[in-house]
Amino acid sequence: MMQTLRYVVFRDLLLAMRRRADVATTLFFFVIVASLFPLGVGPDPKLLRVMAPGILWVGALLASMLSLGRLFAEDYADGSLEQLVLAPEPLALVVIGKVVAHWLVSGLPLVLISPVIALQFDLPREAIVTLLLALLLGTPLLSLIGAIGAALTVGVRGGGVLISLLVLPLYVPVLIFGAGAVDASAMGMDASGHLSILGALLLLGMVLAPWATAAALRISLE
Amino acid sequence: MLEVTGLGCLRGERRLFGGVSFKLAPGGLIWIQGGNGSGKTTLLRTLCGLAQAMAGKVHWRGEPIQMLGEDYRRELTYIGHANGLKEDFSALENLRIAAQLAGQSISREAGVEALLGSGLAGREHLPVKFLSQGQRRRVALARLRLAHPRTLWLLDEPFNALDTRAVADMQHIMENHLARGGMIALTTHQDVDIQAADTQTLRLDA
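Chains as they are written, first to last, in the numbering used here: chain A, 6 to 227; chain B, 22 to 227.
Just so you know, these hints were derived from the structure itself, not from any lab.
Just so it is clear, CB atoms sit at the ideal spot from N, CA and C, and this is done for glycine as well.
There may be inaccurate statements among the hints.
Covered stretches of chain A (in silico footprint by chain B; criterion: 3 or more residues with CB under 8 Å from a CB of chain B, positions within the stretch not fixed) [as the list claims (entries may be wrong)]: (1) 19-26; (2) 83-92; (3) 190-197.
Assemble the whole structure, with the sequences as input and the hints as a guide.
Right under this line is the structure:
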């Protein structure tokens with residue numbers, strides 16, 4: 006079982022390696038969106054500090070959305086999704102493998118680069134640490150929730166727009182508690198409450214999202 | 022043993038086929054024939070559990086395939102219309118990854134050997150996007166050449182885009198599989214003569 010999980014992760018990471026441009030697109034999108042705001046609203050440090058948590062989180066949300074289209078659509082088009090569904094293992098396991106690979110490719114780089122971006126907004130050090138933690142808990146959740154939307158829109162024409170309509174509302178709790186944590190910490194308050202809720206949401210997502218995605222894939226493939 | 026009783030499928034509002042019944046015993050081969058759009062692919066997809074039947078049942082060794090789930094999938098190989106190959110992977114990578122995911126992990130050497138047997142010598146390490154349609158089909162079909170093949174083969178137009186030599190090769194492999202007690206259900210428009218202990222023909226548009 007674990008072996009299949011490993012094979013799926015390995016396969017998707019190898020695919021990502023072959024198309025580094027796709028990976029870079031997500032990361033640069035995040036960097037550019039986050040960098041446009043200081044240019045647009047002017048260099049007032051007080052204003053930037055207030056806006057930073059929201060901007061960084063919305064940027065992460067949109068960047069994660071950007072790469073969702075690739076999660077199942079290509080496998081569907083070339084027929085390998087059928088083979089994945091027919092693998093002699095629970096489909097939810099295959100889904101977990103794909104989500105893990107998606108997060109490693111599109112979520113983890115955002116987490117790692119976020120402290121550098123946060124410097125642009127003059128966030129205090131404690132807030133940057135909180136941002137890092139919040140993104141570490143939140144971005145896997147974005148991949149998990151996004152997978153459900155990606156599975157539902159597999160094979161649908163114009164699925165890219167539909168995916169955002171389906172998934173963005175579900176991202177709202179992640180945005181609220183993620184940005185809330187950074188906000189609290191920037192104002193010198195304790196952010197552990199927000200982080201705990203993010204962690205709880207992540208656990209809930211890890212348990213439920215793979216099953217929901219598997220069911221959605223089965224329906225889409227019919 | 023694969024047992025199909027009263028299978029029927031809808032496509033949208035239209036009834037594709039209905040009342041399809043047959044039994045496939047070890048060494049048995051069934052040709053599924055019919056014009057374009059008669060539901061051959063849908064039937065094969067229903068047989069492997071990808072599509073749901075509107076009516077009827079599919080039993081494998083006496084149990085409904087929905088109940089068996091992974092145990093049934095562990096015994097079948099489905100090669101669909103699409104080859105299921107990744108353009109950015111080489112032929113060898115495609116074959117090995119497909120085999121691993123199907124629970125048939127193979128060594129590098131075994132993979133190379135299967136590709137050589139498929140007439141892909143010298144192209145094992147070429148990304149699949151540089152291969153012709155026929156060569157891609159050969160890569161997909163190379164899975165059938167692996168040691169310890171699955172019992173039940175469901176093949177959707179396996180001979181599509183293959184040249185006459187490759188067709189003869191495939192024919193030979195299928196005959197070997199049947200002689201070992203394997204089972205094959207396939208659709209094709211080509212006239213290929215495969216020797217089997219028990220050959221049936223199913224016409225869908227009749």
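Okay, the hints, checked on the actual structure:
{"no.": "1", "hint": "19-26", "in the structure": "holds (count 4)"}
{"no.": "2", "hint": "83-92", "in the structure": "holds (count 9)"}
{"no.": "3", "hint": "190-197", "in the structure": "violated (count 0)"}
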